[in-house]
Amino acid sequence: MKIKAITIGLMAAAALAVPAKADKLDDIIGSGTLRCAVVLDFPPMGSRDAQNNPVGFDVDYCNDLAKALGVTAEIVETPFPERIPALMSGRVDVGVASTSDTLERAKTVGMTIPYFAFEMAVTANTNSGVTSFETMKGKTVGATAGTYEAIALEEQVKAWGEGTFRPYQTQADVFLALSQGQLDATVSTSTVAQANVKTGSYPNIAVVGKAPFDTDYVALFTNREEYGLINYLNLFINQQVRTGRYAELYEKWVGGEAPDLRVPGVYR
Amino acid sequence: MFGYTFRWNQALQALPQMLDGALVTLQVAILSMVIGLALAIMLTLFRRSDSRILRGFAVAWVEVARNTPALFQIYMAHFGLGNFGIHLSPFAALLAGIAFNNAGYLAENFRGALKAIPETQARAGRSLGMGSLQAFRLIVLPQMLRIAFLPMTNQMVWAILMTSLGVTVGMNTDLAGITQELNARSFRTFEFFAIAAVIYYLIAKAVTLGARLVARRLFRY
Numbered sequence: 141m142k143i144k145a146i147t148i149g150l151m152a153a154a155a156l157a158v159p160a161k162a163d164k165l166d167d168i169i170g171s172g173t174l175r176c177a178v179v180l181d182f183p184p185m186g187s188r189d190a191q192n193n194p195v196g197f198d199v200d201y202c203n204d205l206a207k208a209l210g211v212t213a214e215i216v217e218t219p220f221p222e223r224i225p226a227l228m229s230g231r232v233d234v235g236v237a238s239t240s241d242t243l244e245r246a247k248t249v250g251m252t253i254p255y256f257a258f259e260m261a262v263t264a265n266t267n268s269g270v271t272s273f274e275t276m277k278g279k280t281v282g283a284t285a286g287t288y289e290a291i292a293l294e295e296q297v298k299a300w301g302e303g304t305f306r307p308y309q310t311q312a313d314v315f316l317a318l319s320q321g322q323l324d325a326t327v328s329t330s331t332v333a334q335a336n337v338k339t340g341s342y343p344n345i346a347v348v349g350k351a352p353f354d355t356d357y358v359a360l361f362t363n364r365e366e367y368g369l370i371n372y373l374n375l376f377i378n379q380q381v382r383t384g385r386y387a388e389l390y391e392k393w394v395g396g397e398a399p400d401l402r403v404p405g406v407y408r
Numbered sequence: 117m118f119g120y121t122f123r124w125n126q127a128l129q130a131l132p133q134m135l136d137g138a139l140v141t142l143q144v145a146i147l148s149m150v151i152g153l154a155l156a157i158m159l160t161l162f163r164r165s166d167s168r169i170l171r172g173f174a175v176a177w178v179e180v181a182r183n184t185p186a187l188f189q190i191y192m193a194h195f196g197l198g199n200f201g202i203h204l205s206p207f208a209a210l211l212a213g214i215a216f217n218n219a220g221y222l223a224e225n226f227r228g229a230l231k232a233i234p235e236t237q238a239r240a241g242r243s244l245g246m247g248s249l250q251a252f253r254l255i256v257l258p259q260m261l262r263i264a265f266l267p268m269t270n271q272m273v274w275a276i277l278m279t280s281l282g283v284t285v286g287m288n289t290d291l292a293g294i295t296q297e298l299n300a301r302s303f304r305t306f307e308f309f310a311i312a313a314v315i316y317y318l319i320a321k322a323v324t325l326g327a328r329l330v331a332r333r334l335f336r337y
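The listed protein sequences derive, respectively, from chains A and B.
Take any residue in the first sequence, count from 1 to its spot, add 140: that is its number in the numbering used here.
Take any residue in the second sequence, count from 1 to its spot, add 116: that is its number in the numbering used here.
Since the hints were made in silico from the structure, they are not lab data.
Note that the coordinates shown come from a computational prediction; the quantities given were computed from them, not determined experimentally.
No residue lacks a Cβ here, since even glycine has one placed at the ideal position from N, Cα and C.
Some clues are possibly wrong.
For each label pair, taking beta carbons as the anchor points, the in silico distance ranges come out as [to be verified]:
1) G278/A to D136/B: 47 to 57 Å
2) E274/A to P267/B: 48 to 58 Å
3) F200/B to A162/A: 56 to 66 Å
4) N125/B to G384/A: 29 to 39 Å
5) T184/B to K277/A: 33 to 43 Å
6) L128/B to K298/A: 15 to 25 Å
7) N270/B to V381/A: 30 to 40 Å
8) E235/B to N192/A: 40 to 50 Å
9) N192/A to T184/B: 24 to 34 Å
10) N270/B to E391/A: 52 to 62 Å
A short, non-exhaustive set of chain B residues, derived as facing chain A with CB atoms under 8 Å [to be verified]:
11) F195
12) G196
13) N199
14) P206
15) F207
16) I233
17) P234
18) Q237
From chain A, some residues computed to sit far from chain B (all C-beta separations above 10 Å) [unchecked claim]:
19) E244
20) E294
21) G301
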């Protein structure tokens with residue numbers, strides 16, 4: 141009798157203990173809210189409209205993801221350098237923040253398959269004499285701290301052995317410095333370059349050419365050990381392309397033909 | 117804890133790089149302090165002058181320096197002046213911003229210190245045949261610096277900590293700049309920031325302790 145009582149007690153305890161093993165995917169669905177880290181000074185991927193509402197490709201992408209999960213999306217504005225602290229301190233669930241999937245970073249966070257791909261463009265101050273990537277040699281150049289292009293450009297400046305590299309904290313500061321002539325040129329994603337030149341708020345700047353860096357594939361990211369969620373995100377990205385939603389969002393925010401997200405000659 | 121495993125060995129490999137950055141940080145802080153001191157003495161003299169313009173200039177400087185954020189002052193030195201075609205490098209802008217801030221606070225410290233020195237001392241100097249500036253330089257100034265010495269070390273510590281704001285104007289050679297860059301590359305945020313915090317703490321602590329030792333030697337009665 142006593143043994144039976146204990147057994148039932150243990151079974152009840154085990155049954156109660158099961159929900160504690162819920163993973164992040166369960167947590168998100170259970171909480172009813174998906175919190176996305178989005179960079180909002182990175183048009184057209186993320187920015188604010190005239191009413192101060194977050195808009196952009198990444199914002200729409202997060203909303204789509206929330207819809208697929210059946211929850212509401214919450215956009216958490218996260219500057220580039222704060223993406224990881226935001227994730228690790230549990231303020232966000234997923235980063236939809238144009239994050240380049242470098243091997244170095246993948247040691248820390250879990251990356252999905254690419255959901256977007258950037259090409260790099262050189263934007264120059266029209267008085268600087270920079271007319272192409274090569275003519276940036278020896279000049280003062282800069283980019284947004286913590287981005288793929290900033291890391292690549294700084295290495296390029298070191299390889300050239302002349303000129304200066306300056307990282308600024310936001311994309312807006314880079315274009316402000318460029319327009320004032322404090323920087324001669326910058327490398328940014330071509331989408332960002334065109335969006336900023338088009339606003340007209342930065343005089344004296346022009347896109348002068350492509351930068352010969354590798355295509356910058358960007359991934360969604362979450363905690364490294366959340367395989368359940370990463371699996372879901374991979375399938376979600378696949379479905380976005382399959383259903384034509386990726387092309388639709390690309391047309392809406394960037395225009396033109398959406399870049400291929402596959403790397404030829406290799407799996408995944 | 118929060119789903120983050122600390123990997124210290126990877127972060128500690130970058131320690132020499134961070135210590136190089138700490139040297140730059142110290143360099144900026146010391147330079148800003150030297151320039152700030154000179155400017156503060158100038159402002160103190162301006163405040164005591166008979167010219168309303170000079171007095172107004174000094175008061176305006178102190179008001180702006182003390183009542184606006186250092187971040188704003190550094191940002192203005194870079195992007196504000198940049199708007200008028202004056203281009204300061206990140207190093208110069210950071211130095212200018214902190215020196216401006218230091219001057220304002222130190223001038224206010226000096227004003228307090230001056231109040232503690234009896235008027236009669238300068239008068240005694242004058243009666244010995246010293247000129248007004250001479251009396252200030254030989255009699256008042258040394259006592260003022262002695263009274264203001266510990267507040268000055270406070271400002272020095274503050275200057276060291278303010279250098280971390282340089283990242284907002286593109287500074288990438290000081291401790292904060294290097295930490296940010298290491299973080300961007302590897303995403304090992306917490307290790308690098310923890311190491312940076314320890315280095316800042318040690319520098320600041322060394323400055324206060326050093327100043328206390330110096331004060332004990334210099335200001336023996």
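**Item:** Hint check against the structure, violated hint numbers in rising order
**Value:** 1, 4, 7, 8, 12, 15, 16, 17, 18, 19, 20
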